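Asker: Single-letter residue listing:
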Amino acid sequence: MRVYILKRLIEIVPTILAITFVVFVMMQSVPGDPAVALLGDAYTEEDAVKVRLEYGLDKPIVVQYVIWLGKLVQGDWGRSILSGRPVLQDVLLRLPVTLELIVLSMGVALAIAIPAAIIGALKQNTWADYTATSIAMIGVSIPEFFIGVLLLLLFSIGLGGLLPSSGWVYLPGTCPTIVCAAGLLGNATHILMPAIALGIGRAALLTRLLRASMLEVIRSEYVTTARAKGLAERPVVLKHALKNALIPTVTVMGLQVGFLIGGAIVVETLFAMPGIGTFGLDAIIARDYQQVQGFALVTAFAFVVINLLVDLTYTFLDPRIRYA
Amino acid sequence: MRSRHRNTTLLLATIVLTLLLAAPPTTDAQTPKRGGTLRVSYGNEIANLDFHTAPGYEMMWVAMNIGCGLLDITPDGKFVPDAAESWSVSPDSLQYTFKLKKNVVFHDGTPVDAKAVKFSFDRLMDPATKSGMRSFYSAVQSVEAVDPLTVQVRMKQPYAFFLHMLAAYRTGLVLYSPAATEKFSLEDRKQGKPGAVVGCGPFKLVEWVKGSHLVMDRFDKYFKPGLPYLDRIVIRTIKDPITEMAAFKNGEIDFIASFSPEHVDTLKAQMPKAQIMTGKETTPMVAAMKVTVPKDGKPMSKERAPHPIFGDLRVRKAVGCYGMDRKEIVKIAFKGQATPWFAMAPPGTLESVDLNYLCPYDPAKAKAMLAEAGYGPQKPLTFDIIADTEKSVFNVIAAVIKEQMGRIGAVANIRVVDKVTWMNTALQDGPWDMYVEDLLSLLTIDSNGYLSNSTSTWSHPRHNDKKVDEYYDRYSKEMDTVKRKAIGKELLEYMADKMYWNNVSGSPFYMVAQPYVKNYTYNAEFEVHWYTVWLDK
Numbered sequence: 146m147r148v149y150i151l152k153r154l155i156e157i158v159p160t161i162l163a164i165t166f167v168v169f170v171m172m173q174s175v176p177g178d179p180a181v182a183l184l185g186d187a188y189t190e191e192d193a194v195k196v197r198l199e200y201g202l203d204k205p206i207v208v209q210y211v212i213w214l215g216k217l218v219q220g221d222w223g224r225s226i227l228s229g230r231p232v233l234q235d236v237l238l239r240l241p242v243t244l245e246l247i248v249l250s251m252g253v254a255l256a257i258a259i260p261a262a263i264i265g266a267l268k269q270n271t272w273a274d275y276t277a278t279s280i281a282m283i284g285v286s287i288p289e290f291f292i293g294v295l296l297l298l299l300f301s302i303g304l305g306g307l308l309p310s311s312g313w314v315y316l317p318g319t320c321p322t323i324v325c326a327a328g329l330l331g332n333a334t335h336i337l338m339p340a341i342a343l344g345i346g347r348a349a350l351l352t353r354l355l356r357a358s359m360l361e362v363i364r365s366e367y368v369t370t371a372r373a374k375g376l377a378e379r380p381v382v383l384k385h386a387l388k389n390a391l392i393p394t395v396t397v398m399g400l401q402v403g404f405l406i407g408g409a410i411v412v413e414t415l416f417a418m419p420g421i422g423t424f425g426l427d428a429i430i431a432r433d434y435q436q437v438q439g440f441a442l443v444t445a446f447a448f449v450v451i452n453l454l455v456d457l458t459y460t461f462l463d464p465r466i467r468y469a
Numbered sequence: 413m414r415s416r417h418r419n420t421t422l423l424l425a426t427i428v429l430t431l432l433l434a435a436p437p438t439t440d441a442q443t444p445k446r447g448g449t450l451r452v453s454y455g456n457e458i459a460n461l462d463f464h465t466a467p468g469y470e471m472m473w474v475a476m477n478i479g480c481g482l483l484d485i486t487p488d489g490k491f492v493p494d495a496a497e498s499w500s501v502s503p504d505s506l507q508y509t510f511k512l513k514k515n516v517v518f519h520d521g522t523p524v525d526a527k528a529v530k531f532s533f534d535r536l537m538d539p540a541t542k543s544g545m546r547s548f549y550s551a552v553q554s555v556e557a558v559d560p561l562t563v564q565v566r567m568k569q570p571y572a573f574f575l576h577m578l579a580a581y582r583t584g585l586v587l588y589s590p591a592a593t594e595k596f597s598l599e600d601r602k603q604g605k606p607g608a609v610v611g612c613g614p615f616k617l618v619e620w621v622k623g624s625h626l627v628m629d630r631f632d633k634y635f636k637p638g639l640p641y642l643d644r645i646v647i648r649t650i651k652d653p654i655t656e657m658a659a660f661k662n663g664e665i666d667f668i669a670s671f672s673p674e675h676v677d678t679l680k681a682q683m684p685k686a687q688i689m690t691g692k693e694t695t696p697m698v699a700a701m702k703v704t705v706p707k708d709g710k711p712m713s714k715e716r717a718p719h720p721i722f723g724d725l726r727v728r729k730a731v732g733c734y735g736m737d738r739k740e741i742v743k744i745a746f747k748g749q750a751t752p753w754f755a756m757a758p759p760g761t762l763e764s765v766d767l768n769y770l771c772p773y774d775p776a777k778a779k780a781m782l783a784e785a786g787y788g789p790q791k792p793l794t795f796d797i798i799a800d801t802e803k804s805v806f807n808v809i810a811a812v813i814k815e816q817m818g819r820i821g822a823v824a825n826i827r828v829v830d831k832v833t834w835m836n837t838a839l840q841d842g843p844w845d846m847y848v849e850d851l852l853s854l855l856t857i858d859s860n861g862y863l864s865n866s867t868s869t870w871s872h873p874r875h876n877d878k879k880v881d882e883y884y885d886r887y888s889k890e891m892d893t894v895k896r897k898a899i900g901k902e903l904l905e906y907m908a909d910k911m912y913w914n915n916v917s918g919s920p921f922y923m924v925a926q927p928y929v930k931n932y933t934y935n936a937e938f939e940v941h942w943y944t945v946w947l948d949k
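Chains as they are written, first to last, in my numbering: chain W, 146 to 469; chain X, 413 to 949.
Derived from the structure by calculation, the hints contain no laboratory data.
Take the hints with a grain of salt, since some may be wrong.
Result set (DSBU-like, lysine-lysine): computed pairs, CA atoms no more than 35 Å apart in a straight line [claimed, not checked]: (1) W/Lys-204 <-> X/Lys-831; (2) W/Lys-195 <-> X/Lys-605; (3) W/Lys-195 <-> X/Lys-831; (4) X/Lys-692 <-> W/Lys-195; (5) X/Lys-530 <-> X/Lys-513; (6) X/Lys-714 <-> X/Lys-490; (7) X/Lys-651 <-> X/Lys-445; (8) X/Lys-692 <-> X/Lys-897; (9) X/Lys-514 <-> X/Lys-527; (10) W/Lys-195 <-> X/Lys-636; (11) X/Lys-930 <-> X/Lys-651; (12) W/Lys-195 <-> X/Lys-878; (13) X/Lys-710 <-> W/Lys-204; (14) X/Lys-779 <-> W/Lys-216; (15) X/Lys-707 <-> W/Lys-195; (16) X/Lys-710 <-> X/Lys-779; (17) X/Lys-595 <-> X/Lys-530; (18) X/Lys-949 <-> W/Lys-204; (19) X/Lys-513 <-> X/Lys-814; (20) X/Lys-930 <-> X/Lys-895; (21) X/Lys-685 <-> X/Lys-651; (22) X/Lys-930 <-> X/Lys-661; (23) X/Lys-595 <-> W/Lys-216; (24) X/Lys-897 <-> W/Lys-195; (25) W/Lys-195 <-> X/Lys-889; (26) X/Lys-779 <-> W/Lys-204.
Keep in mind the model is a prediction, meaning the values are calculated, not measured.
Could you put the whole structure together from the sequences, leaning on the hints where they help?
Answerer: Okay, here's the thing in structure tokens:
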């Protein structure tokens with residue numbers, strides 16, 4: 146097991162290098178010049194040349210990438226061309242917000258998907274099954290921003306400001322800035338709508354997947370045996386069937402993290418949250434290469450690590466699985 | 413019976429009168445109250461906090477509250493003192509003398525004296541600073557500290573808008589503490605490192621966390637007695653207008669610094685008590701047409717050739733003048749809340765004139781002109797319109813223009829791009845035919861020089877007509893108001909006649925405040941000051 150984990154951890158390095166290189170090349174290929182964004186209405190060609198020289202933007206792409214990598218291994222993630230802020234500082238400030246959003250939206254997704262899928266599978270071809278399947282279809286079809294706007298209209302405007310429309314309140318004791326709001330209730334009220342907006346789409350997908358998986362599992366011989374042994378339906382479903390049915394779902398959950406990061410960009414923008422999603426979006430729009438690299442690095446790392454954790458979860462769900 | 417009734421009435425009246433007299437005086441709603449936090453929302457992120465170089469209004473509105481300058485300008489165009497107590501101009505207009513107030517200090521405690529003023533002037537004029545304001549200081553010969561409280565500015569030539577420029581071109585002159593500026597690096601200032609951004613304004617910077625918030629606190633040693641009233645200002649960026657409106661309705665924010673015109677009617681209907689502030693339109697909404705292209709194919713080349721489509725004045729006039737129904741554009745894109753406007757300087761700009769009569773909507777004439785230029789059913793005029801994604805109104809205007817072009821037999825293809833791509837294409841002489849954008853808010857016609865003369869990088873159409881530069885030069889040098897107005901009119905007419913600049917309309921600017929936000933003086937984008945604001949909560 147240890148060898149397997151070590152092997153997977155080593156594999157992370159070339160994966161991330163490849164991702165960051167591809168992102169670097171792609172960003173440089175996109176039309177747009179960070180010097181233009183930096184100088185704005187003060188732009189002159191002479192000043193732009195000076196800026197490019199100052200930030201090494203005049204060098205070949207590969208050279209720029211190697212310089213970036215060289216600094217990275219020394220712990221220097223570079224500075225934003227536009228704001229002058231250290232990239233690592235901003236990433237560390239914003240990452241917890243997005244992590245909380247992703248974890249909770251996955252929680253929302255599972256909280257909806259598991260019961261809906263169980264009901265759908267156990268009551269196949271009944272109104273309960275059709276309802277669950279229909280809701281899942283609708284959930285898959287509606288984009289995050291639309292759900293977000295509906296939630297905003299309902300809870301922030303319609304119900305007299307029951308939930309705050311925007312901003313962020315940190316969990317107690319996690320304030321990373323001089324001035325910031327912190328509190329458990331404040332945090333909960335601020336994360337609720339974004340987590341639902343982001344989680345509903347995933348819930349729908351996971352419901353469909355888990356339902357199909359459950360249908361297969363509850364018809365398998367070992368479940369029939371369990372029932373024949375006189376086990377109550379509850380342990381049969383929750384202990385025997387669900388655990389096995391979760392394996393493909395967990396795999397998809399890992400892959401869904403990528404979509405969640407993408408969705409976080411939309412949701413964070415809508416709810417004006419200071420997360421890594423808005424950080425990445427602003428960086429891409431401003432062609433702030435250093436920040437884009439920071440964004441790519443952290444999201445790639447998160448994706449790879451979460452998928453590693455997913456693979457390790459299999460051993461818990463199915464003890465027959467062993468990694469050598 | 414009647415007497416008893418009269419007695420009862422008298423008694424009731426006496427009781428009411430007594431109660432009124434005995435009741436404690438109610439708080440006068442107009443007496444300013446100290447304290448509180450003003451929560452402001454921006455629609456865009458602050459680029460950085462080096463006030464002399466950063467782009468964008470978002471930075472400027474921070475600079476106007478952290479920084480102080482020599483003078484300000486009121487909404488009716490009067491100059492009022494800021495850190496300068498008074499100023500005088502020599503008869504030949506070649507020397508300005510500013511007397512500074514005695515009690516003005518920077519947030520680091522150092523004095524705002526003549527040396528500090530000279531320092532800021534010199535910094536802005538230094539090419540190494542790369543300030544967008546540099547071109548406006550080209551008339552300045554030198555700045556001298558005569559004594560600790562007297563600054564003398566010598567000019568190379570008269571500049572009629574020197575005071576306008578110091579007051580409100582972009583940020584106006586923002587004075588920097590020499591001590592702090594020398595101690596900290598540009599990078600420190602850009603990121604708002606504590607102690608690096610030091611002005612002499614009513615609020616001092618506490619913290620800027622990009623993507624989250626900017627906090628300014630009351631500066632207790634601010635030189636205007638009793639001001640500011642607020643203890644703190646917190647600025648947040650809410651990019652989505654629907655969320656911004658929800659936050660405002662919810663009472664999460666007190667002040668929206670730039671409100672989308674398309675949501676004004678909704679807000680009025682939903683929150684009738686909200687203060688919706690607007691005024692003269694000073695920002696041009698442009699449908700610019702490229703006039704020349706590089707002859708050698710190298711962007712920014714000085715060797716120019718006429719643009720293959722809009723290099724022909726007849727085509728520019730057919731499309732931009734007679735073929736464009738400005739009233740319809742305003743009706744659809746702005747729901748009627750803008751002024752159809754053809755002249756280069758918008759209706760609210762000082763000394764602007766209405767030239768709409770020069771371009772009546774006349775599709776038949778437009779068609780005829782296109783035919784004269786060689787376009788028709790066999791060879792339809794086809795061109796691209798770039799609309800960037802910064803504001804949805806650009807896309808709407810582009811769509812209406814496309815429809816109107818169809819009416820004159822022309823084909824317009826819309827290219828939607830992000831802001832930086834547009835800036836890149838337009839600024840770096842890239843391939844484009846027409847773009848829709850609202851450019852910088854114009855206090856004066858003069859302030860549009862760097863967007864429309866023949867040598868400016870920002871003159872995107874890249875006309876190479878030196879006569880335009882001569883007009884600007886004469887206009888800015890002329891100190892006689894009547895003569896200057898006449899030159900200004902000539903300049904606008906010349907730009908219109910040559911179609912070097914093609915306005916669709918003015919671009920309305922809205923600010924929104926909660927009913928309890930008191931005493932804010934609306935002065936468009938030029939002067940955004942919160943030091944007089946107080947909260948009647």
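Asker: Compare the structure with each hint and give your call.
Answerer: Hints versus structure:
1. Taking the CA atoms of W/Lys-204 and X/Lys-831, the gap is about 25 Å. The hint holds against a cut of 35 Å.
2. A C-alpha spacing of about 24 Å is found between W/Lys-195 and X/Lys-605, which places the hinted pair at or below 35 Å, so the restraint holds.
3. This hinted pair checks out: W/Lys-195 and X/Lys-831 have alpha carbons roughly 22 Å apart, not beyond 35 Å.
4. Between X/Lys-692 and W/Lys-195 the CA atoms are separated by roughly 38 Å; this puts the pair beyond 35 Å, and the hint is violated.
5. Between the alpha carbons of X/Lys-530 and X/Lys-513 the distance comes to roughly 15 Å, so the proposed pair stays at or under 35 Å and holds.
6. Restraint check for X/Lys-714 and X/Lys-490: not satisfied, since their Cα atoms lie roughly 41 Å apart, outside the 35 Å limit.
7. With a C-alpha separation of about 31 Å, the suggested pair X/Lys-651 and X/Lys-445 falls inside the 35 Å cut-off, and the hint holds.
8. Only pairs whose Cα atoms come within 35 Å are accepted, and X/Lys-692 paired with X/Lys-897 is accepted, the gap being roughly 19 Å.
9. Distance hint between X/Lys-514 and X/Lys-527 is fulfilled; the C-alpha atoms sit about 14 Å from each other, no more than 35 Å.
10. Of the supplied pair hints, the one linking W/Lys-195 and X/Lys-636 is violated, its CA atoms being roughly 40 Å apart against a limit of 35 Å.
11. Distance check on the hinted pair: X/Lys-930 and X/Lys-651 sit about 25 Å apart at the alpha-carbon level, within 35 Å; holds.
12. The straight-line distance between the Cα atoms of W/Lys-195 and X/Lys-878 is roughly 28 Å, inside the 35 Å bound, and the hint therefore holds.
13. At most 35 Å may separate the alpha-carbon atoms for a hinted pair to count; X/Lys-710 and W/Lys-204 meet this at roughly 20 Å.
14. Simply put, X/Lys-779 and W/Lys-216 have alpha-carbon atoms about 61 Å apart, too far for the 35 Å limit, and the pair is violated.
15. A C-alpha spacing of about 26 Å is found between X/Lys-707 and W/Lys-195, which places the hinted pair at or below 35 Å, so the restraint holds.
16. Between the alpha carbons of X/Lys-710 and X/Lys-779 the distance comes to roughly 33 Å, so the proposed pair stays at or under 35 Å and holds.
17. For the hint linking X/Lys-595 to X/Lys-530, the alpha-carbon distance of about 18 Å falls within 35 Å, and the restraint holds.
18. Taken as a hint, the X/Lys-949 and W/Lys-204 pair is broken in the structure, with Cα atoms around 57 Å apart against an allowance of 35 Å.
19. With a C-alpha separation of about 56 Å, the suggested pair X/Lys-513 and X/Lys-814 falls outside the 35 Å cut-off, and the hint is violated.
20. Proposed proximity of X/Lys-930 and X/Lys-895 is contradicted: the alpha carbons are some 41 Å apart, above 35 Å.
21. A threshold of 35 Å between alpha carbons decides the hint, and for X/Lys-685 with X/Lys-651 the separation of about 24 Å falls inside it, so the pair holds.
22. Using a Cα cut-off of 35 Å, the hinted pair X/Lys-930 and X/Lys-661 holds, with the two alpha carbons roughly 18 Å apart.
23. A threshold of 35 Å between alpha carbons decides the hint, and for X/Lys-595 with W/Lys-216 the separation of about 26 Å falls inside it, so the pair holds.
24. For the hint linking X/Lys-897 to W/Lys-195, the alpha-carbon distance of about 39 Å lies beyond 35 Å, and the restraint is violated.
25. Proximity of W/Lys-195 to X/Lys-889 is assessed by CA-CA distance (about 32 Å); at most 35 Å being required, the pair is judged to hold.
26. Between X/Lys-779 and W/Lys-204 the CA atoms are separated by roughly 50 Å; this puts the pair beyond 35 Å, and the hint is violated.
The earlier numbered hints that this structure contradicts are 4, 6, 10, 14, 18, 19, 20, 24 and 26.
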